[in-house]
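There are 2 protein chains.
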Amino acid sequence: MNFMSFFARRGESASVAKNRLQILLAHERMGDGSDAKLISELREDILEVVRKRMNIDPDAVRLEMDRSGDITTLGIDIELPQTKN
Amino acid sequence: MNFMSFFARRGESASVAKNRLQILLAHERMGDGSDAKLISELREDILEVVRKRMNIDPDAVRLEMDRSGDITTLGIDIELPQTKN
Chain A
1 MNFMSFFARR GESASVAKNR LQILLAHERM GDGSDAKLIS ELREDILEVV
51 RKRMNIDPDA VRLEMDRSGD ITTLGIDIEL PQTKN
Chain B
86 MNFMSFFARR GESASVAKNR LQILLAHERM GDGSDAKLIS ELREDILEVV
136 RKRMNIDPDA VRLEMDRSGD ITTLGIDIEL PQTKN
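Those sequence lines, one after another, are chains A and B. Start counting the first sequence at 1; every next residue gets the next number (my numbering). Start counting the second sequence at 86; every next residue gets the next number (my numbering).
Bound conformation, chain A alone (with noise of 0.2 Å):
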């Protein structure tokens, strides 16, 4: 499973960048195909709001999308210069 690989990697990184948002989205699919338009419309939306408090080199912003079996997963890790407020 990627989302597993996901935070393994996370701790690996820990100690070199303090300062990070990881945000992970994991979403059963309906059977109709809508999964991944879904997840994708959610990823943009999300991104929107973090902007919102934080300020966010888009270099900065790694997406890893993955589908397995019936569960599609976007992970969004996201490096933190610093926060708006």
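No lab work stands behind these hints: they were computed from the structure. Watch out, some of these pointers could steer you wrong.
Said to hold, decoys possible - Now the stretches of chain A that chain B is said to cover, found in silico as 3 or more residues with beta-carbon under 8 Å: (1) 37-49; (2) 55-61.
What the hints assert, rightly or not - Calculated pairs, DSS-like style, for lysine-lysine (alpha carbon to alpha carbon, straight line, at most 30 Å): (3) A:K52 <-> B:K137; (4) B:K122 <-> A:K52; (5) A:K37 <-> B:K137; (6) B:K122 <-> B:K137; (7) A:K52 <-> A:K37.
Beta carbons are placed, not taken as given, at the ideal position from N, Cα and C, and that holds for glycine.
Starting from the structure of chain A, add chain B where the hints point.
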């Protein structure tokens, strides 16, 4: 770590409720106490954008927040009755 048990539970419940969205936020602390506030605000923002795309029963949303070491995690587990689009 709490987020591991979060996903362990996911596997157990997969056969019970097939249409779910799970969102996990993990934030490494900034040392100024702002992480809990930030995670709480992001939770509200993210639930709002999810509600724009799906009909969510408030009773079908389960939240779990955990602080462990330098990491604050928030798990949002949503049962989805149907999509809006």
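_In rising order, the numbers of the hints this structure does not comply with_ = 2
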